[in-house]
Amino acid sequence: MNLLSLSYLLFVPLVWVLSRIVRPGKGRQLLWLAASYFFYATWSLKFLCVLIVSSLVNYALGIYLRRNPSAGRLWVGIGFNVFLLGIFKYLPVWSAHLGPGHLPTFLENVILPVGVSFWTFEALSYLFDVYREEELDPSLTEFCLYLAFWPTVLSGPVCRLPELLPQFRNAEPVWDDIREGARRIILGLFMKTVLSQMLGAGMRPGEGVDFGFNQIARGWTGVDVWILALGFAFQMYFDFAGYSNIVIGTAQLFGIRLRENFRDPFLSTSPAEFWTRWHMSLSSWIRDYVFMPLATWRPAVWWRHASLVIAMMLFGFWHGADWTYIIWGALQGLFLVAHRQYQQLERRTNVRLPALVATYAGWAVTFCFMLLSWVVFRANDLAQARTMFGALVHFSSYKHFVLPRNFVLMTIVIAVLYFVVAGLRKLAENVKQVPFLSRLGWALSPVVYSFAMLSIVIMSIHKAVFVYLQF
Amino acid sequence: MASPEVRTPKETGEVTGKVPGISTPASASSQTWLLVLRRAYVPVLAVLLTVLVGNWLAAVTERNVEEKTEQLNEREAIASIPGLSPADVAETQAVLHPAAAPVKRTQLLYLGDSQVFSRPDAPPGALNTAQWLQVLLSRQDDQAVRVRIGASPGTDIPEMLLKTVAATEQQPRQADIIVADIALAELRDLGVRSEIASLAGAPEVNSALRSLIAANPDLADADKTLGPVVDPQEPDSGEQKTDQSSSGKTSGKVEERLADRMEDALQRKAEGWSLFAQRENLVALGLLRYAQWEHRLLHITSDTRIPTPTAPYRTNLQVLDLLIRYAQSHNIHVILFFGPVRDRQPNPDAPSDLARMHRDVTALCERHSVTCLDYSHAVPEALWADYSANQRGAFAMMAGQHDFYHYTEEAHKTLAEKIVGDAGAEILLWSGPAKSNPAGSNRARSTQAPPAQRRPPQTRSNQLPVNQAGGQQ
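Note that the protein sequences, when read in sequence, are chains A and B.
With the first letter of the first sequence counted as 1, position 362 gets the number 362 in our numbering; the numbers rise by one all the way through.
With the first letter of the second sequence counted as 1, position 117 gets the number 117 in our numbering; the numbers rise by one all the way through.
Keep in mind that the hints were calculated from the coordinates and are not lab data.
C-beta atoms are modelled at their ideal positions from N, C-alpha and C, and glycine is treated no differently.
Take the hints with a grain of salt, since some may be wrong.
To be clear about the criterion: a stretch of chain A counts as covered by chain B if any three or more of its residues have a C-beta under 8 Å from a C-beta of chain B, and this derived list gives those stretches [what the hints assert, rightly or not]:
#, stretch
1, 294–304
2, 356–365
3, 391–404
4, 434–448
With beta-carbon atoms standing in for the labels, derived distance ranges [unchecked claim]:
#, chain 1, residue 1, chain 2, residue 2, range
5, A, L314, B, Q267, 39 to 45 Å
6, A, H394, B, L266, 39 to 45 Å
7, A, V420, B, S388, 57 to 63 Å
8, A, L45, B, A220, 38 to 44 Å
9, B, A28, A, V416, 49 to 55 Å
10, B, S352, A, V420, 40 to 46 Å
11, B, W273, A, N170, 50 to 56 Å
With the sequences and hints as input, model every part of the structure.
Next up, the structure:
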């Protein structure tokens, strides 16, 4: 069952109504767990078996670790989860690279259970938290629900048990939760079904980011590469932020507040800020459980920088066993290091740019770097990335472009609209202080929602896929 | 049943559903009503507006589509064109409805874009090139060839290849001879429409395409273009990168089918609402309106020069190469011809681009010993169509302008006569062995690049020698 399907639109109200019948506590947790397992089973019963086994083993490991929180025991837990990821996430890719006959048949036939990287990271964070002796004492039902909770099981946000446990026990939605939940679901559907779909597949055959990367074999010009980078960055953003909105909105309908995953990442004025706004749940996971322990291992400055690069490479590797992801991660790490060096230089020399110039220059450099790094991330292989970067520095290639004009225009319009809407949102926050304008906004909001819902229905002719499902 | 408002706004300290600037009424019951109204206003009105506007949009779209269908139906009625015998009429009808015609003859798949069938001036029932070709060939041998239209508007070369493979792999086979109209306009794009891409979903077509790609690694650009068609990303599977339709790795799909079936049933139910049913037409209508605005804003007219980017052009040529290799490895005879070009300036096709296309396609034909005919100048200026001043539908933005792609009904007949004159004997000759060879039985062994031991290139009055191609422009 996909979050964009009609079945999901029926499934959620059904579970919601049943939740109202069952009182909060054990009964409701069991209901949600059953609903979550049913939801996951619609993808595959085999996937469900893997999830249940992982839940049981991690729960047992948690008890084992709580009795004596030692590094050795923690490593057993880490080893189990890394083994799980290795088998289900990375082995199929390596098996495909090796070709048939190199591995035993049962290993060659292993496939990637959807969401495995997300719920495995959630399990790991539980073990880390237990090791840090946090007050966590979930029941088996609560722990299984934590890993399988249907809004988050497919692609996160990567949650933490300390945040969810009290909510699983006492959550009760108020009217604002329902209103806000519904709003975020509509917003998410609009971002995914309309905006991301238009960028990814284009409005006509022979258009779109996917076409630009997959079907144009060579001959990109500098303009094409910039447009594809811009298109992919926004496609990813609308795709994943749209997904996150649907998930957060769904959970909020049930009174559960999940952590945010995106906060206007393209307004960031530095790479460090970008990573507090983009895929926030995973970047904070990497920061807390990879970077911090690594960086505090040795006091040397070079080691802190190396830790940053290693952590970001791991971030890249999390997406898949592909050099493009690892290099993308390394680039992010190096950019973060460069930014730190720049900050140190500023402090040392006490020379600073005027605030406004620094803000805009920081934004421009960050935005351009992020766009270009997405080229490496999205390229089908390193050779393609190299060819595309070659076009960027081939200045004579900027005279024309091979991408369809409509797609180029659409990408630019959508990108500009993103910034206009971001600006308007800031303005709207001030407008809230003016009662008349605030009332006018409220009165007109049905028109906006109606436009969004009509667009979603019309654009639902395309069978959409969330990009992050493959990770 | 617990109410969602277990905690009141007072208890939670939240300002639930409150509209700024509206004071709270005194009485408790009116306060409750006002709260209900405030809360219901946005969702109820939004849903109501969605339904009303959705129904209106659906009705407008439906009307639009009905008008077009009526126009098409008029076209399908074969008029009593002077000189057509009842047998001729039956032949032309069989071209339009090939499914109803028995597959006993050699199958000629006529590929191309809208040039093949568009007759802007025509009275209802006028014939297109493929129909005239059928009539003229049947008059020479009424049991030899069955012409099938494989043309659709804007058919680019990858789509031609897919249609060819699908027609060949079907049982009984529907392509023994291919006649393809090559137009520069179709070498500019590479997109494969979903309805044509879905042909690759048939196992035999998919497998044939995979073999073709695997056997021709030298045509890497073409392979890359066809890759996503052959290996579409499975929506909803979550296995995109690891389970690229390899037969062994299908776990998750069996179970998924239940969810798919459930979803399909719901989608069918939802199509009871006219907006759902009209989604596809609405998108098409939206694109049309967009194109109209684009033309108006950018002052685009029918004679505005259209650039031919090198990357898609080269890839299209490679796909054409692949098409010829596939056809030859399956004993399918191929005839390519350059479609008519309107000889007036300004023109959307740059003379240099046309010359390049002639040069490259002719060289390709020579390499594979394929008949290549040049009908660039086959249609005189008098037989070209213009968009009427009251033009409606897809080309409304071209009203009153010259049409650089479509010609009159008489030109269709002229073109068919030229094809029969130049290649008719060859087609009838090919139809002989094919008849004795049951359709579909002449499977080839390899789809690899053919060796250079083919028959020598044809020499025809209209066939363009490589070195003269550019000079014709």
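Hints, one by one, checked against the model:
{"no.": "1", "hint": "294–304", "in the structure": "violated (count 0)"}
{"no.": "2", "hint": "356–365", "in the structure": "violated (count 0)"}
{"no.": "3", "hint": "391–404", "in the structure": "holds (count 4)"}
{"no.": "4", "hint": "434–448", "in the structure": "holds (count 8)"}
{"no.": "5", "hint": "L314/A x Q267/B: 39 to 45 Å", "in the structure": "holds (41 Å)"}
{"no.": "6", "hint": "H394/A x L266/B: 39 to 45 Å", "in the structure": "violated (51 Å)"}
{"no.": "7", "hint": "V420/A x S388/B: 57 to 63 Å", "in the structure": "violated (41 Å)"}
{"no.": "8", "hint": "L45/A x A220/B: 38 to 44 Å", "in the structure": "holds (40 Å)"}
{"no.": "9", "hint": "A28/B x V416/A: 49 to 55 Å", "in the structure": "holds (50 Å)"}
{"no.": "10", "hint": "S352/B x V420/A: 40 to 46 Å", "in the structure": "holds (41 Å)"}
{"no.": "11", "hint": "W273/B x N170/A: 50 to 56 Å", "in the structure": "violated (40 Å)"}
Comparing the model with each numbered hint stated earlier shows that hints 1, 2, 6, 7, 11 do not hold.
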